[in-house]
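First to last, the sequence lines map onto chains A and B. All residue numbers for the first sequence refer to the UniProt record's numbering, where the first residue is 1 and numbers rise by one. All residue numbers for the second sequence refer to the UniProt record's numbering, where the first residue is 1 and numbers rise by one.
What the hints contain is simulated information worked out from the structure, not anything from laboratory work. Treat the hints with caution; some may be incorrect.
A pair counts as met if it fits within one copy or between any two copies, since identical chains are not told apart.
As a list, the in silico DSSO-like pairs of lysine-lysine whose alpha-carbon atoms are at most 27 angstroms apart [as the list claims (entries may be wrong)]: (1) Lys52 - Lys97; (2) Lys122 - Lys97; (3) Lys108 - Lys122; (4) Lys114 - Lys97; (5) Lys97 - Lys108; (6) Lys52 - Lys114; (7) Lys52 - Lys122.
Number of protein chains: 2
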Amino acid sequence: MIGRLNHVAIAVRDLESACAVYRDTLGARLSPAVPQPEHGVTTVFIELPNTKIELLAPLGADSPIARFLERNADGGIHHICYEVDDILAARDRLVEKGARVLGSGEPKIGAHGKPVLFLHPKDFCGTLVELEQA
Amino acid sequence: MIGRLNHVAIAVRDLESACAVYRDTLGARLSPAVPQPEHGVTTVFIELPNTKIELLAPLGADSPIARFLERNADGGIHHICYEVDDILAARDRLVEKGARVLGSGEPKIGAHGKPVLFLHPKDFCGTLVELEQA
Numbered sequence: 001m002i003g004r005l006n007h008v009a010i011a012v013r014d015l016e017s018a019c020a021v022y023r024d025t026l027g028a029r030l031s032p033a034v035p036q037p038e039h040g041v042t043t044v045f046i047e048l049p050n051t052k053i054e055l056l057a058p059l060g061a062d063s064p065i066a067r068f069l070e071r072n073a074d075g076g077i078h079h080i081c082y083e084v085d086d087i088l089a090a091r092d093r094l095v096e097k098g099a100r101v102l103g104s105g106e107p108k109i110g111a112h113g114k115p116v117l118f119l120h121p122k123d124f125c126g127t128l129v130e131l132e133q134a
Numbered sequence: 001m002i003g004r005l006n007h008v009a010i011a012v013r014d015l016e017s018a019c020a021v022y023r024d025t026l027g028a029r030l031s032p033a034v035p036q037p038e039h040g041v042t043t044v045f046i047e048l049p050n051t052k053i054e055l056l057a058p059l060g061a062d063s064p065i066a067r068f069l070e071r072n073a074d075g076g077i078h079h080i081c082y083e084v085d086d087i088l089a090a091r092d093r094l095v096e097k098g099a100r101v102l103g104s105g106e107p108k109i110g111a112h113g114k115p116v117l118f119l120h121p122k123d124f125c126g127t128l129v130e131l132e133q134a
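Using the sequences provided together with the hints, build the complete structure.
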């Protein structure tokens with residue numbers, strides 16, 4: 001069912017210094033920072049030949065990554081995103097297998113403009129999994 | 001400098017149930033489990049179209065992932081591995097930029113039979129980074 005690894009998301013407190021780490025120290029190519037007020041984050045993509053790393057910095061008062069950054073002061077890997085062909089079929093399969101889908105269970109439009117769902121970390125080896133319709 | 005994302009490694013306590021999650025719930029293709037006593041882990045690879053997920057379970061008394069699993073009872077993302085063309089040139093660049101390389105600073109032969117280095121999470125957005133010579 002899962003297809004490509006769409007991205008690995010790394011939450012950071014200070015976007016500028018995280019960009020410097022990836023650009024200057026690791027020599028990677030970065031996209032411009034994009035504030036996404038509707039998602040409570042500012043994003044920067046690190047473009048690798050086969051996938052992307054997404055740097056996430058909190059934006060606004062109720063950022064969904066604020067609590068994660070309280071627990072992980074240096075930042076850390078926040079979630080991993082797999083592509084699926086059909087997000088509703090994927091959701092139905094997961095629910096049938098007993099896995100928990102976060103929120104209402106209805107896909108939302110994610111930071112890339114595509115339907116996404118998040119899955120409960122306790123059901124997926126302690127990792128927050130995002131599914132994105134490819 | 002960094003090239004492809006070689007793999008994302010997820011540490012798990014119970015390899016069988018982690019395999020079931022990826023095989024049965026997420027419908028992915030898994031490689032057979034390979035005990036790697038010299039690395040203190042048993043590995044299973046999840047083959048995605050563009051990269052791999054590496055499941056790591058502790059093996060033996062002094063597994064390098066034992067402490068991580070004490071702190072993360074459900075498991076979690078342990079490290080992320082980027083490919084580099086020349087690991088010694090990469091190491092020298094990182095040291096010049098002030099980043100800390102773990103251990104002696106000399107590459108070791110990793111679980112895939114290639115030279116690897118691990119970098120200090122505090123210098124890389126709170127994430128443990130492995131570099132592997134491609």
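Each hint, compared with the structure:
Taking the shortest Cα distances, Lys52 and Lys97 sit within 27 angstroms of each other only across copies (23 angstroms), while inside one copy they are farther apart (29 angstroms). Taking the shortest alpha-carbon separations for Lys122 and Lys97, only the intra-copy value of 14 angstroms comes in at or below 27 angstroms, while the best inter-copy value is 38 angstroms. For a Cα distance limit of 27 angstroms, the shortest separation of Lys108 from Lys122 inside one copy, 21 angstroms, qualifies, whereas the shortest one across copies, 33 angstroms, does not. With identical chains, the CA atoms of Lys114 and Lys97 are at most 27 angstroms apart within one copy only, with a shortest distance of 24 angstroms there and 38 angstroms across copies.
In the homo-oligomer, the alpha carbons of Lys97 and Lys108 lie at most 27 angstroms apart inside one protomer (21 angstroms), although the nearest pairing across protomers, at 41 angstroms, exceeds that limit. Taking CA atoms no more than 27 angstroms apart as the test, Lys52 paired with Lys114 passes in both settings, with 16 angstroms inside one copy and 23 angstroms between copies. With identical chains, the CA atoms of Lys52 and Lys122 are at most 27 angstroms apart both within one copy (25 angstroms) and between copies (21 angstroms).
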